[in-house]
Amino acid sequence: GAVVSQHPSRVICKSGTSVKIECRSLDFQATTMFWYRQFPKQSLMLMATSNEGSKATYEQGVEKDKFLINHASLTLSTLTVTSAHPEDSSFYICSARDLGGEGTDTQYFGPGTRLTVL
Amino acid sequence: QKEVEQDPGPLSVPEGAIVSLNCTYSNSAFQYFMWYRQYSRKGPELLMYTYSSGNKEDGRFTAQVDKSSKYISLFIRDSQPSDSATYLCAMGTYGGATNKLIFGTGTLLAVQP
Chain U
1 GAVVSQHPSR
11 VICKSGTSVK
21 IECRSLDFQA
31 TTMFWYRQFP
41 KQSLMLMATS
51 NEGSKATYEQ
61 GVEKDKFLIN
71 HASLTLSTLT
81 VTSAHPEDSS
91 FYICSARDLG
101 GEGTDTQYFG
111 PGTRLTVL
Chain L
1001 QKEVEQDPGP
1011 LSVPEGAIVS
1021 LNCTYSNSAF
1031 QYFMWYRQYS
1041 RKGPELLMYT
1051 YSSGNKEDGR
1061 FTAQVDKSSK
1071 YISLFIRDSQ
1081 PSDSATYLCA
1091 MGTYGGATNK
1101 LIFGTGTLLA
1111 VQP
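Heads up: the sequence lines are chains U and L, in that order.
Note that our numbering numbers the first sequence so that position 97 is 97, with each residue one more than the last.
Note that our numbering numbers the second sequence so that position 107 is 1107, with each residue one more than the last.
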């Protein structure tokens, strides 16, 4: 299957700092990437849809000025958590859309980034 | 009513058992269906992808889709302790510009050695 990487895998930061998370599709081009947030023992919560070369589309209740998304190339999307606070501590996962052969349209996920804000 | 319903479990089975995981959905527009496996503190891993009613088999895994009943299943044969994880169903429609997937809440499976 297609491979998606995420960096860093874990980050601990002080309250008020900004944190950037990178998501890369390694062996395919992804015009669309997605950013999710997951709390312990809960399912994935879609935060935003990132489209290459255009503004991200945010889900209801997600602050776009808080969670900055940039999709500068077909293989890279970044999520920046600005002025992070302890309530932003969570597991952040990206996925990349793969329009493969035989009419498939699926998402491959990165390994996730665990953010802890002190 | 949620678009996708999935029993959260936990589901505990002995090693070697056949496991049945299920999701129901309400939106008849869904055209393709996936099952992901997620280990603790890891990203979801795609297990099965199917877009037609019927069965699709891959090793010990069989995905079943019944569009008339809006019901999908994942069967795991000869379950192993390494299958212990959360299983998420997901579904979507073709043709969208961005194509969000709709996920179930996930079923936590524990296979006891």
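Since the hints were derived computationally from the structure, they do not count as laboratory data.
Glycine included, each C-beta is placed from N, C-alpha and C at the ideal position.
Just so you know, not all the hints are guaranteed correct.
Cut-off 25 Å, straight-line C-alpha distance, at most; resulting in silico cross-link-like pairs (DSS-like, lysine-lysine) [unchecked claim]:
#1 Lys1067/L / Lys41/U
#2 Lys41/U / Lys1042/L
#3 Lys64/U / Lys1070/L
#4 Lys1042/L / Lys14/U
#5 Lys20/U / Lys1042/L
Pulled a few chain L residues facing chain U out of the computed Cβ check, cut under 8 Å [stated by the list, open to error]:
#6 Tyr1039
#7 Pro1044
#8 Phe1103
Fill in: Violated hints, by number in ascending order, as checked against the structure
As far as the earlier hints go, 1, 3 and 6 are violated by this structure, in ascending order.
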